[in-house]
Amino acid sequence: MQFVQHATETVTAWVCKHTYVTTGVVAITTAHVLYKLANRKKGLGIIDAPPNTVVLYQLPRAPFTPSLTPFAVKLETYLRLAKIPYQNDHNTKESSKGKFPWISYNGEAVADSQLSIDYLNSKLGIDLNKNLTDAERAQAHAFRVMVDENLYWSLVYFRWIYEKCAYSVGLVVPWYIMFMIKKNAKKQLHAQGMGRHTTEEIKQKMLQDLEALSAQLGNKQYMMGDSPTEVDCSAFAMLSCLVFSFHDDITSGIVKGEAYNKH
Numbered sequence: 000m001q002f003v004q005h006a007t008e009t010v011t012a013w014v015c016k017h018t019y020v021t022t023g024v025v026a027i028t029t030a031h032v033l034y035k036l037a038n039r040k041k042g043l044g045i046i047d048a049p050p051n052t053v054v055l056y057q058l059p060r061a062p063f064t065p066s067l068t069p070f071a072v073k074l075e076t077y078l079r080l081a082k083i084p085y086q087n088d089h090n091t092k093e094s095s096k097g098k099f100p101w102i103s104y105n106g107e108a109v110a111d112s113q114l115s116i117d118y119l120n121s122k123l124g125i126d127l128n129k130n131l132t133d134a135e136r137a138q139a140h141a142f143r144v145m146v147d148e149n150l151y152w153s154l155v156y157f158r159w160i161y162e163k164c165a166y167s168v169g170l171v172v173p174w175y176i177m178f179m180i181k182k183n184a185k186k187q188l189h190a191q192g193m194g195r196h197t198t199e200e201i202k203q204k205m206l207q208d209l210e211a212l213s214a215q216l217g218n219k220q221y222m223m224g225d226s227p228t229e230v231d232c233s234a235f236a237m238l239s240c241l242v243f244s245f246h247d248d249i250t251s252g253i254v255k256g257e258a259y260n261k262h
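Residue numbers for the sequence shown follow numbering that gives the first Met the number 0, so the first one is 0 and each next one is one higher.
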């Protein structure tokens with residue numbers, strides 16, 4: 000899959016530049032991430048930043064991927080593509096909605112990755128989709144929602160619930176913390192609906208989403224043509240988590256095997 004190759008090269012380059020993901024330091028980084036997760040607080044903690052600079056609030060960096068949540072990768076990718084000045088803050092203070100990531104801009108806070116993108120588009124007059132027709136915008140929107148709202152839950156299931164993958168995300172996780180994470184993930188998956196299916200059924204749903212992305216990409220450079228658009232931010236983020244967070248053929252193997260782009 001051409002898009003996966005781009006994702007692989009980009010994330011691999013990022014990993015190579017951050018030496019803390021090497022074996023000896025992964026445990027330290029993991030301990031820091033988990034400590035922050037356990038002690039995170041709700042509420043706004045806007046920090047000072049230079050004028051017209053976005054502050055991206057997200058969890059500390061994770062082993063092998065820039066973030067454990069694809070939505071932080073999505074939002075940071077957007078900021079880079081749009082060439083918006085930004086800085087990261089890893090204080091793990093959740094947004095007013097109790098979620099990560101979120102942003103502040105000139106003292107104004109915005110929760111949710113997509114709402115943050117919409118806000119910056121409006122505030123700064125940015126439109127990564129400017130070359131798309133109305134029909135293409137609708138198509139790109141549908142694919143983005145598929146990735147953010149459906150494929151994401153397959154990622155959650157195989158990352159935290161599926162036994163062969165639960166400990167393969169690069170985190171050295173104590174059993175009691177994994178128990179809490181799995182309990183919360185299982186509750187969310189059941190409420191959303193994905194968790195009511197069997198492992199094989201969830202695998203098929205994930206494969207259908209990936210095959211749809213592959214078919215849409217075809218032999219194009221990006222999802223909608225020769226230039227990256229907002230849907231590429233979502234697709235890249237989700238694929239990077241699927242490819243680099245697992246070491247089992249049911250996840251990264253599907254992306255690089257069954258759903259591999261033949262074009």
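These are computed hints drawn from the structure, not numbers from a lab.
Every value quoted in this text rests on a predicted model; they were computed, and no experiment measured them.
Do not rely on the hints blindly, as some may be mistaken.
Said to hold, decoys possible - Simulated crosslink set (DSS-like; lysine-lysine; CA at most 30 Å straight-line):
no. : residue 1 : residue 2
1   : Lys-92    : Lys-182
2   : Lys-182   : Lys-219
3   : Lys-219   : Lys-185
Stated by the list, open to error - If you anchor each label on the Cβ, the simulated ranges turn out as follows:
no. : residue 1 : residue 2 : range
4   : Thr-132   : Ala-211   : 14 to 24 Å
5   : Phe-178   : Thr-132   : 45 to 55 Å
6   : Phe-178   : Leu-123   : 40 to 50 Å
The beta carbon of each residue, even a glycine, is placed where N, CA and C say it ideally should be.
>> Hinted pair, alpha-carbon criterion (30 Å max): Lys-219, Lys-185. Please report holds or violated.
In response: violated, 37 Å
> Between Phe-178 and Thr-132, does the beta-carbon spacing fit 45 to 55 Å?
Replying inline: Once the Cβ atoms are compared, 50 Å apart, the range 45 to 55 Å for Thr-132 and Phe-178 holds.
> Is it true that Phe-178 and Leu-123 lie within 40 to 50 Å of each other by Cβ?
Replying inline: holds, 43 Å
> Between Lys-92 and Lys-182, does the CA-CA distance stay at or below 30 Å?
Replying inline: The given pair, whose Cα atoms are some 22 Å apart, holds under the 30 Å limit.
> Quick one, are Lys-182 and Lys-219 close enough, alpha carbons at most 30 Å?
Replying inline: Between Lys-182 and Lys-219 the Cα gap is close to 41 Å, so the pair fails against 30 Å, i.e. violated.
> Does 14 to 24 Å hold as the CB distance between Thr-132 and Ala-211, or does it fail?
Replying inline: Holds, since Thr-132 and Ala-211 (Cβ atoms, about 20 Å apart) stay within the stated range.
Checked against the numbered hints given earlier, the structure breaks hints 2 and 3 and satisfies all the rest.
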